[in-house]
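Novice: Each chain, letter by letter, is given below.
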Amino acid sequence: MKVLQPCAGLLTNHEVFQLLTDRGAMGAVDVSQGGMGPAAIECQVYRYLCAAPAATQTRAAVAACTERAASFGLTRAETLQLVNLRPSQPVEAHLIISDCEMRLPGDRVEQLLQAVEETLPAAPEVEGTEEEAAAVEGVEFWQMFLCGA
Amino acid sequence: MFVLTEMEDDIRVAPHDLHRPHLTAVSSEIKAKYFDKVLRNVGLCVSLHDLQAVEGGFIFPSDPGPHFTVRFRLVVFSPFVGEVLVGRLVKCDATGLSVSLDFFSDIHIPHYNLQEPSVFDEEEKLWVWKFNDNDMFLDMDEMIRFKVVSVKYPPLPVEQEKGATAFATMEIVGDINGDGLGLLSWWS
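Just so you know, the protein sequences line up as chains A and B, in that order.
So the first sequence is numbered by our numbering: it starts at 1 and just counts up by one.
So the second sequence is numbered by our numbering: it starts at 150 and just counts up by one.
No wet-lab data here; the hints were simulated from the structure.
Note that the Cβ used here is the ideal one computed from N, Cα and C, for glycine as well.
Take the hints with a grain of salt, since some may be wrong.
[As the list claims (entries may be wrong)] Straight-line alpha carbon distances no greater than 16 Å define the calculated EDC-like cross-link-like pairs of lysine to aspartate or glutamate that follow:
1) Lys2(A) with Asp288(B)
2) Lys240(B) with Asp270(B)
3) Lys2(A) with Glu157(B)
4) Lys240(B) with Glu291(B)
5) Lys2(A) with Asp158(B)
6) Lys2(A) with Asp159(B)
[What the hints assert, rightly or not] Sample of chain B residues with no beta-carbon within 12 Å of chain A, all distances over it, derived:
7) Val277
8) Phe280
9) Asp282
10) Pro306
In isolation and in its complexed conformation, chain B is listed as follows (with noise of 0.2 Å):
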């Protein structure tokens, strides 16, 4: 779920940091620069894992901050397809379910990969999975255990209609369709 990601970057610590220890301060901007962000075709970094080099400390003509080079690795949430995720579902409708990591909400499980047979239930709002004559309902909140398809990365689009959802850079489809997968309940 998580790899080590090696960037360099060059860093500018503010004056206003210089009284700090420049570890802390280098550390402190790449925390605001890349937390919480996605980075293409890697992931979504999660933490600093260290700082491997810090060169430089260069000050340009008219900038009072000082310029690293820095090497170091970040932790980026970074699934591999085919990898086995359990997350909370949190959004069910007539295309598929929404599942989140509490870090995560991108994650999209199309209707065509849920357990065969399953259908939508109008009046609940809710997949039901049609096992055996049984009825087993895919309740909200509930943990669920599915299969990374793919992960992508949408370009960023041009215009955006008013009203519309927030853009999601990074997209994980979903299985759920096999042995295991599913509800955790299902297969305690």
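If we strip away everything but chain A, and leave its shape as in the complex, we get (with noise of 0.2 Å):
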């Protein structure tokens, strides 16, 4: 076993999110030895990000807010947390970038919040995912209950 690179790239969470959907992580956990249905940890993160901005989003939202947040001389880092977390309200954006009244003086916070309520869509609502959850937990007990855990 060898680790070539042990970060080759950032992924934001709606590029996880998309994948574990791909790997259809909404349905039950495949206990099943060798099978190529989603794990029990895929799951768990599906619905942890299910509750999370990510769960919204679109690729193209993420390349639009992206594009919009280079003008405000973000880093990488920066750049992923504001897509990440959607921030809306300076106290947010604080929280995301160092140095935030040197960098962005004045205005510039409200604007780059502007940018992100504009390209993002709103984080889920919280009951919606409370049911979803839910619904993922009620199948995963009846797995449990199958497999005598």
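Need the complex rebuilt from these two chains, each delivered in its own frame; the hints are there to steer you.
Specialist: Structural data, given as structure tokens:
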């Protein structure tokens, strides 16, 4: 086992969410040995991301947001967090961007939040995700019962 | 929060899997070997992103399973220091808070990294942030926003006493002392 590159690239939460959706993580956990269905960890990450802003985003929205944010001089890590967390208030933007008052003086923070608001869709509602989480949990409980775990 | 890690490994496909397409068989082997495991100094493996190269398929003496040299990329949970994450508060005690992301629960916020001034309410067994004469309770199962201070990979213990909690191979230390950090409901 060799780790060729520990960090070959950063992934947005949305990209991981998309990958897991393609692997069928919204369905039941595949407990069979050597099956090609989703593993337990993938279903758990999927459930976590369902409640995150990543769940409602699209590739095009993320690309648009990254393009708009480029004019503000953010680092890669800051742009990544901007997309992942979708800040809606100045206090959240100050949290993500270091030295915010110096780098984005005056109205710039508001303009950045405006750009995020316009390009990225709103984060999912809590009620909807609770239902979804309950549905996934219900299925997983059944699986546990079947396996006698 | 997630990174791509490029790996190379020697994967043996069991003989009873030879009827399947070899890419599928190799992916299942990788799933069994890597998913939900922590790679030291890298992070927690969550999923397989793609297979980049599968070479070999050699059969060695007295081993019926073919061996492939596989280059692949894994999706790894590996937060960087200074990253802001949102998790659920699961445990409160005198040493601090325990936060859980659904798939990862070894996140600890020590008492010195809480908003100042915070006190531990012995009756309710909850931490309270005394902000401008308001008592802001850190209630259980609330969503909490925190900053990553460090990601540690403690070495395996040689001996563990009976009844000790399961050993954590990857530990994250968090911080909620700052504007915008703490319960989401405080800042919305």
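Novice: Hint by hint, note whether the structure agrees.
Specialist: Structure-based check of all given hints:
1. For the suggested pair lysine 2(A) and aspartate 288(B), the alpha carbons sit about 43 Å apart, so the restraint of at most 16 Å is broken.
2. With a C-alpha separation of about 14 Å, the suggested pair lysine 240(B) and aspartate 270(B) falls inside the 16 Å cut-off, and the hint holds.
3. For the given pair, lysine 2(A) sits about 5 Å from glutamate 157(B) by alpha-carbon distance, which is consistent with the 16 Å threshold.
4. Between lysine 240(B) and glutamate 291(B) the alpha-carbon distance is near 11 Å, which keeps this suggested pair within the 16 Å criterion.
5. Of the supplied pair hints, the one linking lysine 2(A) and aspartate 158(B) holds, its CA atoms being roughly 6 Å apart against a limit of 16 Å.
6. About 9 Å separates the Cα atoms of lysine 2(A) and aspartate 159(B), which keeps this hinted pair within 16 Å; it holds.
7. No Cβ of chain A approaches the Cβ of valine 277(B) within 12 Å, the least distance being about 21 Å, so the stated non-interface status holds.
8. For phenylalanine 280(B), the non-interface assignment is confirmed: its Cβ lies about 14 Å from the closest Cβ of chain A, beyond the 12 Å cut-off.
9. The non-interface label for aspartate 282(B) is consistent with chain A: the shortest C-beta to C-beta separation is roughly 21 Å, beyond 12 Å.
10. Separation of proline 306(B) from chain A is adequate, the least Cβ-Cβ distance of about 23 Å exceeding the 12 Å criterion.
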